[in-house]
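Chains as they are written, first to last, in the numbering used here: chain A, 15 to 185; chain B, 140 to 329.
Among the hints, a few may not be true.
[What the hints assert, rightly or not] Distance condition first, Cα-Cα at most 16 Å in a straight line; then the derived EDC-like pairs of lysine to aspartate or glutamate:
| # | chain 1 | residue 1 | chain 2 | residue 2 |
| --- | --- | --- | --- | --- |
| 1 | A | Lys157 | B | Glu256 |
| 2 | A | Lys154 | B | Glu227 |
| 3 | B | Lys199 | A | Asp38 |
| 4 | A | Lys156 | B | Glu256 |
| 5 | B | Lys209 | B | Glu227 |
[Stated by the list, open to error] From the structure, some residues in chain A lie toward chain B, with a derived Cβ separation under 7 Å:
| # | residue |
| --- | --- |
| 6 | Leu43 |
| 7 | Phe58 |
| 8 | Leu65 |
| 9 | Ser74 |
| 10 | Ala120 |
| 11 | Lys156 |
| 12 | Lys157 |
| 13 | Ala164 |
| 14 | Ala176 |
If you're looking for bench data, these hints aren't it; they were derived computationally from the structure. Each residue gets a CB set at the ideal place from its N, CA and C atoms; glycine is no exception.
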Amino acid sequence: MDLSIVVPLTLAGAGLFGLCRKTDIYTALCTGSGEGVKVLLRIFPALVALLTAVHMLRASGLLDQLVSVFSPLFHMVGIPPETAILVFIRPLSGSAALAIGAELMAQYGVDSLIGRTAAIMLGSTETTFYTISVYFGAAKIKKTRYAIPAAIIADLVGFIMAALFARLTYA
Amino acid sequence: MTMSLIWLFIVLSAFLAGLINGSMPAVAEAAMTGAGSAVQLCLGIAGPICLWSGILEVLKASGALDMLAKLLGPINRLLFPAASLDRETLQAISANMSANLLGLGNAATPAGIKAVERMASKSPGIASNDMCTLIVLNTASIQLIPVTVAGIRASLGASAPFDILPAVLLTSLVSVSSGLLAAKIMRHFW
Numbered sequence: 015m016d017l018s019i020v021v022p023l024t025l026a027g028a029g030l031f032g033l034c035r036k037t038d039i040y041t042a043l044c045t046g047s048g049e050g051v052k053v054l055l056r057i058f059p060a061l062v063a064l065l066t067a068v069h070m071l072r073a074s075g076l077l078d079q080l081v082s083v084f085s086p087l088f089h090m091v092g093i094p095p096e097t098a099i100l101v102f103i104r105p106l107s108g109s110a111a112l113a114i115g116a117e118l119m120a121q122y123g124v125d126s127l128i129g130r131t132a133a134i135m136l137g138s139t140e141t142t143f144y145t146i147s148v149y150f151g152a153a154k155i156k157k158t159r160y161a162i163p164a165a166i167i168a169d170l171v172g173f174i175m176a177a178l179f180a181r182l183t184y185a
Numbered sequence: 140m141t142m143s144l145i146w147l148f149i150v151l152s153a154f155l156a157g158l159i160n161g162s163m164p165a166v167a168e169a170a171m172t173g174a175g176s177a178v179q180l181c182l183g184i185a186g187p188i189c190l191w192s193g194i195l196e197v198l199k200a201s202g203a204l205d206m207l208a209k210l211l212g213p214i215n216r217l218l219f220p221a222a223s224l225d226r227e228t229l230q231a232i233s234a235n236m237s238a239n240l241l242g243l244g245n246a247a248t249p250a251g252i253k254a255v256e257r258m259a260s261k262s263p264g265i266a267s268n269d270m271c272t273l274i275v276l277n278t279a280s281i282q283l284i285p286v287t288v289a290g291i292r293a294s295l296g297a298s299a300p301f302d303i304l305p306a307v308l309l310t311s312l313v314s315v316s317s318g319l320l321a322a323k324i325m326r327h328f329w
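Please model the complete structure; the sequences and the hints are all you need to start from.
If you want it as structure tokens, here you go:
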């Protein structure tokens, strides 16, 4: 399937829509890009800390040892065991998941099965526990009932499906 | 605090494993070079992230985001039968969902918090069914275009950075549906 149309179409479509609504497209585009810089400045310090930690973990050999420990369990549900650490960290921290996902893509190859699985996992899951703590914390909810198990079920299904679709679309 | 523990846990594990496995020279080198790859990663995704933020700003300024929120109204009435009776709560939910669909995390969170706070005034301290639905929709990803991931793929030289799009969308759809279905079943026992 050729998807090269997605980004150019979005750009042209957004611009055309903005023009029809008499928006100053160019100014909005530049203002938005400036916001993007702020986002980057916010995540960069976290990535420095986390990528250092992840690099150390990999260099120590422990990461490979962990992979072989979790290998049987992950094989059972069809998830490449190399992505185990991503599965564990994804619900906790967005920037840590970004760091680990990018590492997996770089290490095993961006178009490899593992690299693609990591990319699909990153794109289709969220920082579950962080989100829950922010929302329920703000609303002062003590009895969370089934919210956490339901969110975890969605995550588990997401990880398994990401691995499945990565395999199906891997040529 | 959580992040401090995660970071310390990883670094301490690496240090101990370095001692036990005798891989301390490699760990030492990694400690000095790891930060450099953060610079590379940030530079790699800087372009796509800034461009996309710009496009989203165009959509926001031209009112497309509000239109999307309006379109989501009927769906949200079905998903949040109790909370949607309150107009302002429904608006906050719709703003939260439309921002999530476009990947506007900065706009999604305040709207989501406003929605959950308004719902909490009806059931203080206890999560209502509609609150749990909102949580599931926010903890599963419903972002339509995975820009950051595609940006990483592009910076690493992927042949077609966006070819993961169908897989991402299908995975999100199945994952969100399972979460909502699980919530629907579990509400009878909790």
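Hints versus structure:
1. Lys157(A) - Glu256(B): 15 Å, holds
2. Lys154(A) - Glu227(B): Violated, because 20 Å separates the two Cα atoms, which is more than 16 Å.
3. Lys199(B) - Asp38(A): 12 Å, holds
4. Lys156(A) - Glu256(B): 13 Å, holds
5. Lys209(B) - Glu227(B): Holds - the C-alpha atoms of glutamate 227(B) and lysine 209(B) are around 13 Å apart, at most 16 Å.
6. Leu43: OK, holds: leucine 43(A) within 7 Å of chain B, min 4 Å.
7. Phe58: 5 Å, holds
8. Leu65: It holds, given that the least Cβ distance between leucine 65(A) and chain B is near 4 Å, below 7 Å.
9. Ser74: 4 Å, holds
10. Ala120: 6 Å, holds
11. Lys156: 5 Å, holds
12. Lys157: 4 Å, holds
13. Ala164: Nearest chain B Cβ about 4 Å off; hint holds.
14. Ala176: 5 Å, holds
In this structure, only the earlier hint numbered 2 is contradicted, and the remaining ones agree with it.
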